[in-house]
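Protein chains: 2
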Amino acid sequence: MTRLLYGKEIADTRMPALTAGVASLRASGVIPCLATVRVGDRADDVAYERTIARAAERVGIDLRRTNLPSVAGRRDLLDRIGSLNADPSVHGVLMFRPLPSRADEAAICAALDPRKDVDGVTPVSMSALYAGRLGDRGAAPVGFAPCTAEAVLAILRHFGIAPAGKRAVVIGRSAVIGKPVSLLLLSEDATVTICHSKTVGLAGIAASADILIVAAGLASDGRDGGVDRSYFNAGQTVIDVGIHADADGTLYGDVNADEAMDRVADLTPVPGGVGAVTTLILLEHVLSASIGARRDGDPPRGGSDAGAR
Amino acid sequence: MTRLLYGKEIADTRMPALTAGVASLRASGVIPCLATVRVGDRADDVAYERTIARAAERVGIDLRRTNLPSVAGRRDLLDRIGSLNADPSVHGVLMFRPLPSRADEAAICAALDPRKDVDGVTPVSMSALYAGRLGDRGAAPVGFAPCTAEAVLAILRHFGIAPAGKRAVVIGRSAVIGKPVSLLLLSEDATVTICHSKTVGLAGIAASADILIVAAGLASDGRDGGVDRSYFNAGQTVIDVGIHADADGTLYGDVNADEAMDRVADLTPVPGGVGAVTTLILLEHVLSASIGARRDGDPPRGGSDAGAR
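Line by line, the protein sequences give chains A and B.
Per my numbering, numbering through the first sequence is continuous, rising by one, with the last residue being 329.
Per my numbering, numbering through the second sequence is continuous, rising by one, with the last residue being 329.
Among the hints, erroneous ones may be present.
The list treats identical chains as interchangeable, and a pair is accepted whether it falls inside one copy or across any two copies.
In the SDA-like style, the derived pairs of lysine to any residue whose C-alpha atoms are separated by at most 20 Å in a straight line are [as the list claims (entries may be wrong)]:
#1 Lys28 - Val79
#2 Lys218 - Gly152
#3 Lys218 - Ser228
#4 Lys28 - Gly180
#5 Lys218 - Gly41
FYI, nobody ran anything at the bench for these hints, they're computed from the structure.
Pulled out of the complex, with its shape left as it was, chain A reads as follows (with noise of 0.2 Å):
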């Protein structure tokens, strides 16, 4: 019997602290406020921002859309960061990624205040990921990890996988998920390998772990293709970051679910694994900005390296 691990037990269980805090900080002046930047209307960024929006509305935290042109340039979008950056009542900003060009990218991530960054993009997130001290949050802001790796993570504690002394397969090696959910694997010591488009004996590799995470979009083709039993083992706990819709809709990711069941230990089913977990994330990010804003006392200044390019 393969257990499904549901994200929606952990929202369910973390939502009542989150509305909480919300709802105290509300009460002391401060409104919890996200503003998310989106470029075009990709269906899958307008599915995201709805999602997000249903969410923020029924934890009370505020939500300021920004939506540019997708013939919107690098110019457009550091003024846009800039202001968001200046602006004392926006804690936290999304932005909807990629965007339209990657070398921009880099530029516009690195412009964010690292203290508004609650998905992990800025050189300052990404360095503290990297080494280790985002838990650290002393003196210096840390940034926040990306919300989908952390998601990872808390699904693994709320199930009772604990990482460390195991062997973690993540295929994928991007940097808004495969590199960061390796990072925290390995710091909460599991013996991580990172596999890729590039790997020979992939699957092999995949079934000798004890926990595999598949973020790789390897099931584009449908869903025959993708993740199969070729991967599995009867003791592993498998966690599926892909989406992908049917051409009717349905939602499915990256692991064979059919393959899967009953012959892994645990999978998280798309949709309601992963995902429901990332936007739960996101918004505890908002609220641990709000929190430090509020601390900090000192307005918001510019992001790191955008001032002196």
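With chain A fixed as given, assemble chain B onto it according to the hints.
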């Protein structure tokens, strides 16, 4: 027959171009200059400083040494970094680490101008390495990879060992060597496994590697400990980053070289392996930073995060 991968070969091959580059810059009126900052008098720092001094003199790079007393605090170091940032005649800064306080070390590293960060310690360098943007020397400064990690990759390249599609196992997860070498191997399309003190079944995992990088300080109890035959396979390339000294001053690595000989395909000797390349890479970074400073034509600015804190 195990092939010994002598780092000196690489130094000999690349030193002429480095020397010529420095000479050409000096002829144009720019004198490449490296500043070192040492706190206290730890033997290995003093030894590394001496090696750097000899090599810098050989290629024509100026060396400016600072030696702070071992009681030097955060403020002393920040002041020192601040003046080196502000000094246009200094192109690169190397701090001997670890600094006395790990908490201070992050803030002090962040204070360094990323354009002078020749050993990859700033958030800008770390995040560029993490995001795979180190080669992308466009408009914004991206820093450098840590020298030792880059030395490992230089050895593989020089001896024709392509990481792409290979299984690389890295023993050690420090921010100085384990993590950066893992990311560099990943960016060259290796499938990378990161192991550490909490890894279960370490020797077996190591023995599955095509390329084994050992940077763990495992042999600190002497030559008989460390990485022995159980870690090897016959086709393997073994890169030994460890360096230790016997009571009588004899140097040895993390790998038990007697056991590795004739059991693996390739092995870096200690001394004369990775260490011999690290100093070359450092001085190449200084040249590159000097060229960057001349090209930019503007005075170096303060570290990205220093000013605002």
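Now the hints, each set against the structure:
1. Lys28 - Val79: within (15 Å within a copy, 62 Å between copies)
2. Lys218 - Gly152: between (27 Å within a copy, 16 Å between copies)
3. Lys218 - Ser228: This pair counts as both: shortest intra-copy Cα distance 18 Å, inter-copy 18 Å.
4. Lys28 - Gly180: within (16 Å within a copy, 50 Å between copies)
5. Lys218 - Gly41: Classified as neither; 45 Å inside a copy, 36 Å across copies.
When each numbered hint is compared with the structure, a violation occurs for hint 5 only.
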